Amino acid sequence: MGVSGAAAAVAGTAARRRSTRWRSAVRAGEELRTTAARLDTLLARSPVAFAFFEPDGTITRVNDTFAALFGYRADQLTGRRVADALPSIWVRVEPLFEQVQTTGQPIVDLEVSGRIRSEPGVEQHWLASLFPVQRDAGKPGEAPIGLGALVVDITERKRAEQEIELLARASNLFAVDLTFDEAIEQVARLALPTFADVCIVFMPTANGSVRRATITHCDPDMERDLRAMSAQLPPPTPFGPAATAIRTGEVQFFEIVDEEARRAAAQNEEYLEYLEVLAGKSSITVPLGVGGRVAGAVAFLYTSTSKRQYRDADIEIARELGRRIAQVLESVRLAGDAARAAARLQLLARVGELLKIELDLAQRLRRVARLLLPEFADGTGVYLVENGVLNLVAAGHSDPQVQAALERAAFPSHGLDADVPPCEAVRTGRAVLVEELPGPAADEMVAGINVRATGNGNPLRSYLAVPMFGENGPIGALGFGYSASGRRYQPEDIPVALEIARRVAPAVENAQRYADNREMIEVLQRTLLPAALPEVPGIAITGRYIPGAAGLRIGGDWYDALVLTDGRLFLAIGDVVGHGVRAASSMGRLRNALEIYAVDNASPADILTNLNRHFCSFADADMATIGLLVYEPRTRRARLASAGHLPPLLREPDGHVHYLDPARGMPVCASPRAIYEETEVLITAGATLLLYTDGLVERRHEPLDDGFERLAVALRDGPDTVEALADHVIEKLSASSPPTDDVALLVVRFEAELTEFSMRLDAFPRELARLRRGIGEWAARAGASVDECDAIVLAVNEAAANAVEHAYGPGDARIEVTATASGVRSGAGVVDVRVRDFGRWRPDRPGVGGGRGLILIRDLMDDVSIETTNDGTTVRMTRALASGGPPA
Amino acid sequence: MNLAHIDFEELPRALIVRVKGEIDLSNVDDIRNEVTARVASNIARVVLDLSATTYLDSSGIRLLFDLAERLQARRQQLALVVTDQALVRRVILLTKLDDEVPLHTTVESALGDLA
Chain A
42 MGVSGAAAAV AGTAARRRST RWRSAVRAGE ELRTTAARLD TLLARSPVAF AFFEPDGTIT
102 RVNDTFAALF GYRADQLTGR RVADALPSIW VRVEPLFEQV QTTGQPIVDL EVSGRIRSEP
162 GVEQHWLASL FPVQRDAGKP GEAPIGLGAL VVDITERKRA EQEIELLARA SNLFAVDLTF
222 DEAIEQVARL ALPTFADVCI VFMPTANGSV RRATITHCDP DMERDLRAMS AQLPPPTPFG
282 PAATAIRTGE VQFFEIVDEE ARRAAAQNEE YLEYLEVLAG KSSITVPLGV GGRVAGAVAF
342 LYTSTSKRQY RDADIEIARE LGRRIAQVLE SVRLAGDAAR AAARLQLLAR VGELLKIELD
402 LAQRLRRVAR LLLPEFADGT GVYLVENGVL NLVAAGHSDP QVQAALERAA FPSHGLDADV
462 PPCEAVRTGR AVLVEELPGP AADEMVAGIN VRATGNGNPL RSYLAVPMFG ENGPIGALGF
522 GYSASGRRYQ PEDIPVALEI ARRVAPAVEN AQRYADNREM IEVLQRTLLP AALPEVPGIA
582 ITGRYIPGAA GLRIGGDWYD ALVLTDGRLF LAIGDVVGHG VRAASSMGRL RNALEIYAVD
642 NASPADILTN LNRHFCSFAD ADMATIGLLV YEPRTRRARL ASAGHLPPLL REPDGHVHYL
702 DPARGMPVCA SPRAIYEETE VLITAGATLL LYTDGLVERR HEPLDDGFER LAVALRDGPD
762 TVEALADHVI EKLSASSPPT DDVALLVVRF EAELTEFSMR LDAFPRELAR LRRGIGEWAA
822 RAGASVDECD AIVLAVNEAA ANAVEHAYGP GDARIEVTAT ASGVRSGAGV VDVRVRDFGR
882 WRPDRPGVGG GRGLILIRDL MDDVSIETTN DGTTVRMTRA LASGGPPA
Chain B
7 MNLAHIDFEE LPRALIVRVK GEIDLSNVDD IRNEVTARVA SNIARVVLDL SATTYLDSSG
67 IRLLFDLAER LQARRQQLAL VVTDQALVRR VILLTKLDDE VPLHTTVESA LGDLA
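Keeping their order, the protein sequence lines are chains A and B.
Be aware that the first sequence starts at 42, since it is given in my numbering, and climbs by one per residue.
Be aware that the second sequence starts at 7, since it is given in my numbering, and climbs by one per residue.
It is worth saying that the hints were derived from the structure and are not from the lab.
Here the structure is a predicted model, which means the values were calculated and not measured.
Cβ atoms here follow ideal geometry from the backbone N, Cα and C, with glycine treated the same way.
One thing to keep in mind: the hints can contain errors.
Not close to chain B: a few residues of chain A, all C-beta gaps over 10 Å, as computed [claimed, not checked]: (1) 269; (2) 280; (3) 453; (4) 574; (5) 705; (6) 838.
Some chain B residues judged to face chain A by a derived CB distance under 8 Å, without partners named [stated by the list, open to error]: (7) 9; (8) 12; (9) 30; (10) 32; (11) 61; (12) 63; (13) 64; (14) 67; (15) 68; (16) 89; (17) 93; (18) 96; (19) 97; (20) 100; (21) 101; (22) 105.
This is chain A alone, in the form it adopts within the complex (with noise of 0.2 Å):
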């Protein structure tokens, strides 16, 4: 500074001097010039910017350094006025000028910033620093004569900071939990207004064209305008930068966007209005690629509000900043995916769950609308098709407000033709997504599940619709929307979309089919079924009850099963002529008649005699064929009568199939005189029992002995458990034509005696379980309580497993396990089990777990003996049981 100074004031006074003292002034004129030419050789060759200004701001002295900064060269400078020669920078320096002269003091570094001539487009920056020059150097208090200035151009350290700065707020961004749509915002600020004044997000769309994501302005209310106009707008066009960088993976750098370059980008007259306001004068886009994939494209824009331009150096700064913002977006949506993945499990288990309930139309439509909220939407519709018009039936929102509008609302219906996507959906059978909603337009364009939603600000933003699929063809439509949660439908949604309406469309055709017929139903169910069937001790008994022909064909078949206070089990099983609601309400009040009977009657012939006498005397009864069959578990005798009505049949324990005959009588309400007779079957222990009604047996053009003979086969081959029977008689006999008349059955298993026990078993290890639930049951239901149960199961296994340890090969590869049990219902129960193998007992047999085993029985059972011969080993225990009595 000292140097400067001097030489300034050297400068500015030489003129005067030389006029006061010549001869003196010769020679100081002669040291100045010299003094001067030196410096000015000096300042010339300075790589740094110096330059002196009059008070008034005229450039008296500048060196080529100095005037490079602006574009200039020194004697393009000198003898200018700054407020001439650099007006805008001449703006920013005045007050500065000012500020110097009138406190002599010196302004040290300061950052200014502005524009040059040669590069009007790049915001320069410079350190400046100003000072007074005073005729006597450091004299205080005196009047400056001019100002000088030192000037650092730090333009490119500038853009480095920026450049590090954005690139860590990009790398900030890994750190915050956003959803996509939050994420795409939040980039799409990262570059404002430092390195752009405008910045929009492309991401691609499914059918290959480009979407706007985002758009932002440095500007707020820029923003707000660009983004109404931007929702109305087109997508971009297929030649433009944005869709080029996703094509090509390239970066698109418009260092100069004119008037012409606009008008060529226009595809309309609002579109150029879009691009007039947006006002761009330089764009840089870059693609987001991340792993060899391109997943859109940034856009950063200098418009006229700064008036900038991109240089080629901020070519590699925004190809950075594009690496990053990809990298963060793809964090972002595999974060989504996972949690998407988990959730939609979840949502397919719950529609799964919704089929099982049952549930009448309305309340199951409703549940279907709210069922998917708000995982996988915020609204949901769902449309059906009625009368050739498509309408809305229940809707469902995440929002309780726009839930509670929803349900009181006057649903929309629309004409199969109309241009809103569900409509589509029902029309193509096929998924309809339309990713981003233009704007207001899109309430509008739905119709439907959000209209009212509007009123709260709250419009879609994505939708989704899904056809539905009956068994003839489309049945209606689901629709899904985002609004609030600023979620996307995207191409991947649609096959879980679709998986939904799959499931869903089954669940809504059943409600839809029996919604007409909801009275004949709930008359049916009161009527048809029994409660509950009873549970006796020893028999096992399940009912099954199939509407006909598609469902739409209830009839007057029942069955019914009940203990009676004797102890005998009554059951029946019956057909009234007819269908319909009548058919459906005759067989309920026939259903009570016998029960009634059943009570005061010992003989099935007699029920049906006293039943046939009081039904005939109704004027509106209906003709039926009945079953009747009355067991007593003691006797194990059973006694048959029939009202015209087909023989039951029965499976032995060994497997044979027969048809029992009771005496035919005429249906109930063919005749007032009619008379019933009875016959009686002794029921083996373990035979099964099988009544049915004709449904089950007769097929339109096919003898009915065809019929019998196939439930003969079926009911032989079929499992021991009566519901897996059931399900596999069903099953057969439906199996070449479904049964167009309704269909009633029972079966009933008369298991083998409580007090035994018998199972065979391979000498393998993995056997055990299978012997330990076997006699584990067998003890409980004989009356054993849980602690015996665990010390039978427990004493039992351990001499099979010892059997099975030792068996010396597949050849005596084979165990029995008999039990029994008895004087049980007197109160002094005894358990008595023999485990005996057919191999020879190595003398120095061991016990299993190093002879713990028979440690174990002996501590568990009362009696413990082995016996063994040639033939095999058994082992034989027994136990008391403490307190009698098999479980009621």
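Add chain B to chain A, keeping to what the hints say.
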């Protein structure tokens, strides 16, 4: 057929082994192999949680005796977690396994200071 499901939880100084299901002659060897393979040398205690074990026969008891012995040789401990009412407890008491191996009713108490 898999009667039992085993899962392991590794703590810094203890291994918790939970056996859900039944232990009998058919799977006792598999369980033995699976458990011994997981016992690292740096742990102090193996906590065998049998509270979800619904069946244990004498071959299972033998496994537990063996395991206790083997761990002891390596200066490691075995602790069992058995609920009060279980069939499993009854078998353990009958075979006097509780003389050799401490019984606990919760994993926390079995872990003690190693929790």
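Those earlier numbered hints the structure runs against, lowest number first
Hints 6, 8, 16 and 22 are the ones this structure does not satisfy, whereas the remaining hints hold.
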